[in-house]
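Chemist: Chains as they are written, first to last, in numbering that gives the first Met the number 0: chain A, 0 to 370; chain B, 0 to 539.
Please note that the accuracy of each hint is not assured.
[To be verified] With a straight-line cut-off of 25 angstroms between C-alpha atoms, the simulated DSS-like cross-links for lysine-lysine are: (1) Lys-197/A with Lys-14/B; (2) Lys-121/B with Lys-110/B; (3) Lys-199/A with Lys-138/B; (4) Lys-408/B with Lys-370/A; (5) Lys-6/A with Lys-199/A; (6) Lys-6/A with Lys-388/B; (7) Lys-214/A with Lys-480/B; (8) Lys-388/B with Lys-199/A; (9) Lys-14/B with Lys-25/B; (10) Lys-367/A with Lys-6/A; (11) Lys-66/A with Lys-93/A; (12) Lys-366/A with Lys-138/B; (13) Lys-14/B with Lys-370/A; (14) Lys-197/A with Lys-388/B; (15) Lys-367/A with Lys-158/B; (16) Lys-362/B with Lys-388/B; (17) Lys-16/B with Lys-408/B; (18) Lys-507/B with Lys-522/B; (19) Lys-199/A with Lys-121/B; (20) Lys-214/A with Lys-121/B; (21) Lys-14/B with Lys-388/B; (22) Lys-66/A with Lys-214/A.
Keep in mind that the hints were calculated from the coordinates and are not lab data. Computed from a predicted structure; not experimentally measured.
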Amino acid sequence: MRLGVVKAYILKEFAELFRTRLIVMVYLMPTMIMLLFGFGIRMNVTHARVTILDYDQSHYSRVLTSKFEDSKYFDPMVLQITEQEALRLIKQAKTEMILIIPSSFEKHLLHGQKSEIGLFIDASFPTRATTMENYVQGVILQAASEVSPQKPQSGMISINSRNLFNEAMRDENAIVPGLIGLVLLVAPAILSALLIVKEKERGTIFNFYASPIRKHEFLLAKLTPAFLLHSVNIFILFLWATWLFDVPFRGSFMLYWFSSEIYILISLGIGMLISVITRSQIAAVVLTVIVTLLPGFLYSGIILPISAMDHESYIEAHLFPVMYFNHIIYDTFLIGEGLSAATNRLYLGILVVYAVILLVLGTLFLKKELK
Amino acid sequence: MMFGLEVRNVAVAYKGKSAIRGVSFKAGAGEIIGFIGADGAGKSSLMHAIAGVGRFSGEIVYGGETYRSPAEAEKLKQDIGLMPQGIGLVLYETLTVGEHLEFFASIRNLKRTDAFRTYRNKLLEMAGLSAFVDREAGKLSGGMMQKLSLICTLLHRPKLLILDEPTTGVDPLSRRELWEILDDIRKSEGTIILVSTAYMQEAAKMDRVYLFDSGEIIAGGSAEQLIDSVREYTYTEIPCSEKQRCFSFDKRSYSLAPLDVPHAEPTLEALFFVNALKKGYAMPKMELEARESDAPIPDIVLEAKALTKRFGEFVANDRIDMQLRAGEIVGLLGANGAGKTTFIKMLLGLYAMDGGELLLLGKPIRSGEDRRTLKAKIGYVSQHFALYKDMTVRENLLYFAQMHRIETKKALVRIRKYAEALGYRAYLDALPASLPLGINQRFSITAALLHEPVILFLDEPTSGVDTIARAQFWEIMELLKEKWGITILITTHYMSEAEYCDRVVLFKEGVKVADATVETLYKEHPEAADFEEIFMEYYR
């Protein structure tokens with residue numbers, strides 16, 4: 000290893016990155032993905048528009064209605080219209096739910112008889128519909144228990160759920176740490192994919208072919224600038240997560256930092272392999288986006304926990320590095336067990352092995368000759 | 000005599016297609032070896048093999064070491080310098096001249112001694128780049144880029160220097176300077192220099208020349224020996240008739256059978272023609288019909304009055320007057336960066352004018368509508384033959400026809416007609432990348448002619464194209480002038496081609512310095528032996 004040679008290449012890379020303004024992409028893209036997805040994805044429901052048809056106009060029905068009015072999850076409208084008219088509202092997308100309180104509601108309850116409340120939900124978005132249904136049930140149960148605390152509510156299911164690790168049930172806590180795993184997989188890979196193929200497309204790759212510079216010197220020189228520049232993103236993304244999105248951080252920062260650096264090496268390795276096999280920048284970028292963004296998003300644990308996946312998707316999830324990294328990331332942000340948990344130690348080990356394999360493969364596939 | 004370099008039975012194949020077959024030759028210290036031959040004859044493949052950047056079979060011995068693969072050549076790369084084909088190919092656009100030298104010195108791990116600094120400054124001086132150390136490579140002219148590439152390749156004092164068409168697309172002035180550098184280096188360093196070139200005057204200066212044809216070396220020796228071998232087939236120019244197997248180009252005619260005219264002194268270009276005759280290559284007979292449109296072309300087709308273009312402080316074209324007449328071939332000459340391409344782009348309506356006036360067929364060009372009219376009357380063949388490489392020749396041509404709103408039926412008829420006339424019918428369904436440059440050049444011309452323009456602009460159409468293809472190119476130009484009576488404006492770095500032009504316009508640093516017929520210029524410079532010397536007069 001001749002450091003002077005490597006240094007010259009590194010300086011050249013830095014000069015080019017800055018002068019071609021590629022540096023803007025290095026810092027703009029991760030933050031953009033973070034802000035877009037961080038604000039864009041919402042799993043829980045607030046301000047659902049519910050139309051309440053109160054045919055009973057009793058004390059109990061008003062108690063129930065006021066519960067909806069007090070809730071931040073609902074924007075209720077109490078209307079005196081027919082069911083048909085209300086259904087038209089839902090079709091026109093002017094309301095998302097219709098809650099119908101029957102005329103004998105209070106009477107039935109006082110007599111300990113079963114009472115049926117009608118509920119129509121716009122289920123165009125099934126997950127949102129399910130969530131809204133659960134909320135409505137919750138509100139009704141709560142109202143019922145306040146009205147008659149001593150009376151056992153027979154025939155009604157009492158739901159006693161407690162959310163672990165994300166007690167506040169905040170979307171940010173569930174999504175933002177996963178986004179770090181997505182961003183740090185996509186952005187460094189795109190940069191490193193461009194680095195070698197750019198020289199192939201331009202013709203400057205001849206400087207590498209025709210000079211005595213070794214393969215590992217060349218790769219070291221190519222990857223170092225990308226690695227250093229993206230290492231800064233580890234801190235930037237941490238700040239966005241904890242400061243902008245207010246996600247708690249309960250684990251060890253050192254573990255977060257170290258595993259992220261390993262993870263960036265993996266991402267750079269993927270980009271480098273693509274750069275070695277492709278011939279044009281456009282092909283390299285498209286291929287990198289497909290290989291990193293899609294699995295990065297699917298198996299990040301943002302949409303679906305890996306443990307909830309079955310067969311094929313479970314195997315696929317284990318093939319991509321994002322699952323292992325995100326396990327550690329979610330731990331450092333939300334749980335804080337760190338390296339005392341065996342799974343975390345195992346997954347960190349897997350990441351290291353992953354990085355080593357990719358970098359070795361890159362060195363093997365890179366040829367110092369024209370194709 | 001001890002040989003420094005020995006190439007033994009080297010063959011190169013790409014995807015099963017052989018590029019070079021069983022080539023052997025030797026070269027000694029301080030020798031300059033020239034490679035000449037048509038595009039695709041295998042010169043580059045051989046150079047890549049010797050430089051250790053491409054796989055090959057056979058063996059190469061250099062400095063006592065034998066190598067059979069790029070991996071085995073690795074240990075010799077400190078002594079080898081390769082400058083691949085393409086203007087500024089190995090340069091990084093955003094790095095300055097000084098940074099390039101720093102970078103190339105570093106990747107060769109050179110010690111920054113006083114001797115190094117002296118040598119570096121000497122190279123900068125020789126290349127005329129001392130004043131441009133802080134300029135970014137992307138902002139240099141083509142000739143300067145090539146000179147920078149060359150001194151970057153020379154920086155580590157290679158003992159084996161391999162230069163693939165270093166002078167293609169470079170103006171005569173820079174070419175001369177490049178050669179002075181090379182001559183100096185080989186004398187002072189004893190470097191073996193292998194260089195391929197499309198300029199035969201350059202080849203004539205080399206110690207030995209090898210002629211490549213279809214992957215083989217078919218002739219080799221000193222320029223005198225090679226010229227002697229074709230002397231008996233070279234005659235003064237006569238029009239070749241249909242029956243005679245003969246070629247005519249550049250004041251000479253070539254024929255294997257005796258002709259009834261006196262012999263003429265051949266140049267190395269004769270090698271190409273004699274070889275083609277011996278191999279029985281058919282030179283397609285070009286025929287062109289009159290234009291379909293019968294709209295008359297006025298005498299003055301295009302007129303530029305005090306046309307000016309500025310890029311910031313820099314004046315690229317300074318008050319240029321020019322008249323282009325019907326049935327006239329005008330040659331636009333000048334050094335790299337003299338403003339030729341800028342001028343053509345203004346005439347094309349691609350650059351806005353910063354001053355002056357442009358008249359097409361007597362009408363001034365002002366509005367966007369005027370510019371569209373302008374474009375419909377102009378045919379343009381760019382430096383790089385703007386063809387789509389994923390479409391066949393026919394598909395490419397059809398696409399260009401549709402851009403000019405020519406009906407498909409009519410377009411197909413015209414395409415077939417031109418393909419026949421210009422002799423590339425057999426290639427209509429091939430992809431451009433698989434065809435020789437000469438064929439691509441001919442169908443690029445067709446693409447520019449499909450809409451029957453009244454003016455045709457060609458920007459360095461013959462750069463890097465082999466001699467025979469150039470001869471055919473000029474035959475097409477003559478036909479166009481004769482049968483269509485249109486105006487042709489052409490830029491070239493081959494000074495011998497100026498003689499095919501009715502009029503020559505010379506640019507220097509954005510200013511027009513000459514505008515006259517070739518005869519007039521010869522009269523004004525009686526001491527000049529050829530047109531290149533006249534050109535040099537203006538740049539002295």
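Chemist: Are the hints correct? Go through all of them and say.
Modeler: Structure-based check of all given hints:
For the hint linking Lys-197/A to Lys-14/B, the alpha-carbon distance of about 24 angstroms falls within 25 angstroms, and the restraint holds. Between Lys-121/B and Lys-110/B the alpha-carbon distance is near 17 angstroms, which keeps this suggested pair within the 25 angstroms criterion. A distance of roughly 21 angstroms separates the Cα atoms of Lys-199/A and Lys-138/B; the hinted pair therefore holds under the 25 angstroms criterion. As the CA atoms of Lys-408/B and Lys-370/A are separated by approximately 41 angstroms, the hinted pair breaks the 25 angstroms bound.
Restraint check for Lys-6/A and Lys-199/A: the C-alpha separation of about 21 angstroms stays at or below 25 angstroms, so the hint holds. Straight-line distance between C-alpha atoms of Lys-6/A and Lys-388/B comes to about 38 angstroms, which puts the hinted pair past the 25 angstroms bound. Note on Lys-214/A and Lys-480/B: the hinted pairing is violated, with a Cα-Cα distance of about 56 angstroms set against a maximum of 25 angstroms. Proximity of Lys-388/B to Lys-199/A is assessed by CA-CA distance (about 18 angstroms); at most 25 angstroms being required, the pair is judged to hold.
For the suggested pair Lys-14/B and Lys-25/B, the alpha carbons sit about 28 angstroms apart, so the restraint of at most 25 angstroms is broken. A C-alpha spacing of about 20 angstroms is found between Lys-367/A and Lys-6/A, which places the hinted pair at or below 25 angstroms, so the restraint holds. A C-alpha spacing of about 21 angstroms is found between Lys-66/A and Lys-93/A, which places the hinted pair at or below 25 angstroms, so the restraint holds. Taking the CA atoms of Lys-366/A and Lys-138/B, the gap is near 32 angstroms; set against the 25 angstroms cutoff, the hint is violated.
A distance of roughly 10 angstroms separates the Cα atoms of Lys-14/B and Lys-370/A; the hinted pair therefore holds under the 25 angstroms criterion. A hinted pair counts as satisfied when its Cα atoms are at most 25 angstroms apart, and Lys-197/A with Lys-388/B qualifies at roughly 20 angstroms. Restraint check: the Cα-Cα separation between Lys-367/A and Lys-158/B comes to about 21 angstroms, which is no more than 25 angstroms; the hinted pair holds. Between Lys-362/B and Lys-388/B, the direct Cα distance comes to roughly 38 angstroms. Violation of the 25 angstroms bound is thereby established for this hinted pair.
Restraint check for Lys-16/B and Lys-408/B: the C-alpha separation of about 37 angstroms exceeds 25 angstroms, so the hint is violated. Distance hint between Lys-507/B and Lys-522/B is fulfilled; the C-alpha atoms sit about 21 angstroms from each other, no more than 25 angstroms. Distance hint between Lys-199/A and Lys-121/B is unfulfilled; the C-alpha atoms sit about 31 angstroms from each other, more than 25 angstroms. A C-alpha spacing of about 32 angstroms is found between Lys-214/A and Lys-121/B, which places the hinted pair above 25 angstroms, so the restraint is violated.
Distance restraint check for Lys-14/B and Lys-388/B: the Cα-Cα separation of roughly 19 angstroms lies within the 25 angstroms cut-off, and the hinted pair is therefore satisfied. This hinted pair does not check out: Lys-66/A and Lys-214/A have alpha carbons roughly 69 angstroms apart, beyond 25 angstroms.
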